[in-house]
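4 protein chains.
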Amino acid sequence: MDDVIVTFVEEPELNSPILIEGLPGVGNVGKLAAEHLIDELKAQKFADIFSKHFPPQVLVNDDGTIKLVNNEMFYVKGKGKSPDIVFLVGDYQGLTPEGQYNLTDTVIAWCLSVGVTRIYTLGGYGLGKMVKEPKVMGATTTSELVEEMKEAGVSFKKGEPGSGIVGASGLLLGLGRLVGIEGVCLMGETSGYFVDPKSAQAVLTVLTNILGVKIDFAELESKAEQVEKLTSQIKEMEQSLQDPPSDDLQYIG
Amino acid sequence: MDDVIVTFVEEPELNSPILIEGLPGVGNVGKLAAEHLIDELKAQKFADIFSKHFPPQVLVNDDGTIKLVNNEMFYVKGKGKSPDIVFLVGDYQGLTPEGQYNLTDTVIAWCLSVGVTRIYTLGGYGLGKMVKEPKVMGATTTSELVEEMKEAGVSFKKGEPGSGIVGASGLLLGLGRLVGIEGVCLMGETSGYFVDPKSAQAVLTVLTNILGVKIDFAELESKAEQVEKLTSQIKEMEQSLQDPPSDDLQYIG
Amino acid sequence: MDDVIVTFVEEPELNSPILIEGLPGVGNVGKLAAEHLIDELKAQKFADIFSKHFPPQVLVNDDGTIKLVNNEMFYVKGKGKSPDIVFLVGDYQGLTPEGQYNLTDTVIAWCLSVGVTRIYTLGGYGLGKMVKEPKVMGATTTSELVEEMKEAGVSFKKGEPGSGIVGASGLLLGLGRLVGIEGVCLMGETSGYFVDPKSAQAVLTVLTNILGVKIDFAELESKAEQVEKLTSQIKEMEQSLQDPPSDDLQYIG
Amino acid sequence: MDDVIVTFVEEPELNSPILIEGLPGVGNVGKLAAEHLIDELKAQKFADIFSKHFPPQVLVNDDGTIKLVNNEMFYVKGKGKSPDIVFLVGDYQGLTPEGQYNLTDTVIAWCLSVGVTRIYTLGGYGLGKMVKEPKVMGATTTSELVEEMKEAGVSFKKGEPGSGIVGASGLLLGLGRLVGIEGVCLMGETSGYFVDPKSAQAVLTVLTNILGVKIDFAELESKAEQVEKLTSQIKEMEQSLQDPPSDDLQYIG
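Protein chains in written order, with our numbering: chain A, 1 to 253; chain B, 254 to 506; chain C, 507 to 759; chain D, 760 to 1012.
FYI, nobody ran anything at the bench for these hints, they're computed from the structure. It is possible that part of the hints are untrue.
What follows is a list of derived Cβ distance ranges for each label pair [stated by the list, open to error]: (1) B:Lys382 to C:Gln739: 31 to 41 angstroms; (2) D:Ile764 to C:Tyr699: 40 to 50 angstroms; (3) B:Val480 to C:Gly668: 12 to 22 angstroms; (4) D:Gly874 to B:Gly433: 50 to 60 angstroms; (5) D:Tyr952 to A:Glu148: 51 to 61 angstroms; (6) B:Leu431 to A:Gly115: 42 to 52 angstroms; (7) A:Glu148 to D:Phe767: 38 to 48 angstroms; (8) A:Gly159 to D:Asp798: 18 to 28 angstroms; (9) D:Gly874 to A:Gly115: 36 to 46 angstroms.
Every residue gets a Cβ at the ideal spot worked out from N, C-alpha and C, and that includes glycine.
Whenever a hint applies, use it, and build me the whole structure from the sequences.
Written as structure tokens, this is what we have:
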């Protein structure tokens, strides 16, 4: 069995496509953003990626059938000025460093074979504290792209992220550059404590502007409200536990 | 040395056999069930599977001879309407995710070579609490099989098992489906705290009905009684430790 | 770089040799025994085994030169009725299960190539308590060998060792049997808390009888005395810490 | 994707060069020393080493562009009697034992191909306590080199370092010797608690004498002062926390 197996449901004709990656990570920002974009653009699934670098596990669908753990690729043909777009999403990243390299290498080889012109990797940038208005931080393969992204509203701050970019979002840029594919990582600021649809929306606002596509954010906004409600409840519970007992209980004399 | 080595004691002629897997797992339900069925049907061992994905270990038999850690395959020819059956059992599963994939891939390749038509994987479904009357949960490779299993008394519940199916019981279905072999996982409800012969019996009751074979459950029932006795004793001990000291000890004045 | 590299200092002519393995393990019994036998029989080193399954480390000799971590093979030609003997010793075993299999497989392949007729693996059998007169437990590849070993004073006890034999001492027998080389594991009883030269002596007493060679045990006995002195001191220290303060300190009035 | 990939920015003509390694390790002594020497000698980068044995990670440069985690090689042509020098530096060593062997093996193969005549590996020797005047300890591939190094002021002490030399600094000597390349490890004494520029300076003082090159130490000395200031502050803070409260606070009556 090969380390990584790509099986194609369909082999779409793609015209200088771009790749958008959104795999699980900090606040699941990249995953939420990419999956929302897939839904809104009605992108079609065309490939499965199976690998012994994923957990040895099947998931069970609602109808009782199973699904081998995988990554999936979707595509949508560009309309007007917007380019053909390919998506890389899934439930897992490779379990080991070597697995991460092998999986990314397989994707990059495929990108070369279909002429992918640019890679956008989406992720979260964990701040360790609640964020009211998440900014979108960037990192790119070339300094020209830094300028282009600044104009699109992406923030660049010297020395951030200090720990670099770990996993597929980093490796796709790193290995892509080695073979001449340019790339951008867009990171939505997030606490890192919760799944963060608001941060995903911030990332998508920037990205859709760049791509020249229009989408609806209602679904993400509704998810963001749910998360907000949940976190408020947790905060209240924590506060009530820390609060001093009420007056009448303290009343003694 | 190959990662996985299959050595054949015998190469039986098999007619569209089904495969039943029962390797160690939650409550050892699958292992108990498969081994009981092997005993009752007097199935014959025909192959050993050795692998560097198993522990580097030999076990010592009662007579002082050693046995390299392995998985084993047994077979029994069908009688009347019941099909030829092949069993996969053993003391260990692969130690790493990659090992799990390699081992399962080897078994699936063999299944293809002898024309296995369906795979049943047996396991336990841990509830984290004691179970009086264990039900048998299912997951399958196709929705037609879901219906077939429901008619055979198998339960399907949306969103369960939530964590999917990990290990050989999951992978055999997942990798099997990729090459067109249909499969069913039968999971007996179990606490997950003890080896659970009662849950194994529940699984076998469903499975033997499906297969049209009749077996005796006396051995499993006797094992179940032993486990029940043991767990009752443990419960009593725990209770007596928690009970307040008896009245006469508290009586002072 | 190959996973395992064997470099030969010399390629001795060997006549149906036996292999004796003594790598690090419980109480270092096997290592002590094999190294003592090498010294006493003035065996010659003829091969180094290097491997990426060992730690990435060099040791520093007393003269300031370095030595890449390895396993080593020695040989001695038989005299009279005693056979040609090859030894496998070293500072490390493979770090991973896969590494253990690869290393052992390399040794077994070499054994086949020179016609090794029998393998003795030496180790300790940890009892978790101090042992006055360590017995030598056995496990073998055939029931004929069990009988032969019993006559030589080796103990066999049903169900022991319950956890089997882990590492090179087990795998050499397990993989050896797959290719038709018979083998015996001799395990000296030991507490498992200390390096145990006394247990090594017990193993060697049995082994040298079987091999028909005579050796001096003075060196091992002197090591055993050192260990005994050390453990007595530790016991005394522990006891004095637990003892109640002496009388005059308690005397108050 | 190969396990290790070397990409050349330039293929310099090298005349019997020596290799100097300074990768991360105890007190980062080797890394600091090698990088300082690269700066002072204005060595040129000529190669990148990428590998799936490094973390799956990109670092972000100050200008917002990314850099795939790697090791790098620099060179400087010798002047007068000093030899051509090649440097091996980087942010990471291989993550696994196998990775360490593979990476070092790749470097050694390259050393053979360009005729490297000697390897100096630089590192720290952790003493677990503060060191006023760090000595430079040595280990070499031959006893002739021990003598040569002693004359150059390197210390050799029987039984040190007791745990051997772990990682690239050890393996380059160990694997180098197998193919006939001689080598020296120079270890600066260091506490092991801090990055230690002073220890790096001690190592470089010895090394530059041997190589017959002259460099400025101002930069390292300034770093050493910064570290010293920092550690003094930490000491003071610790002391003030342990000190009894001052007299006037204790004064009551």
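To see whether the hints hold, each was checked on the structure:
1. B:Lys382 to C:Gln739: 31 to 41 angstroms: Once the Cβ atoms are compared, 52 angstroms apart, the range 31 to 41 angstroms for Gln739 (chain C) and Lys382 (chain B) is violated.
2. D:Ile764 to C:Tyr699: 40 to 50 angstroms: Roughly 48 angstroms apart at Cβ, these two residues keep to the hinted range, so it holds.
3. B:Val480 to C:Gly668: 12 to 22 angstroms: For Val480 (chain B) and Gly668 (chain C) the Cβ distance comes to about 20 angstroms; the hint holds.
4. D:Gly874 to B:Gly433: 50 to 60 angstroms: 57 angstroms, holds
5. D:Tyr952 to A:Glu148: 51 to 61 angstroms: Given about 45 angstroms between the Cβ atoms, the range is violated.
6. B:Leu431 to A:Gly115: 42 to 52 angstroms: Check failed, 28 angstroms falls outside 42 to 52 angstroms.
7. A:Glu148 to D:Phe767: 38 to 48 angstroms: Because 30 angstroms falls outside the window, the suggested range is violated.
8. A:Gly159 to D:Asp798: 18 to 28 angstroms: 21 angstroms, holds
9. D:Gly874 to A:Gly115: 36 to 46 angstroms: 42 angstroms, holds
Hint compliance for this structure: hints 1, 5, 6 and 7 are not met, and every other hint is.
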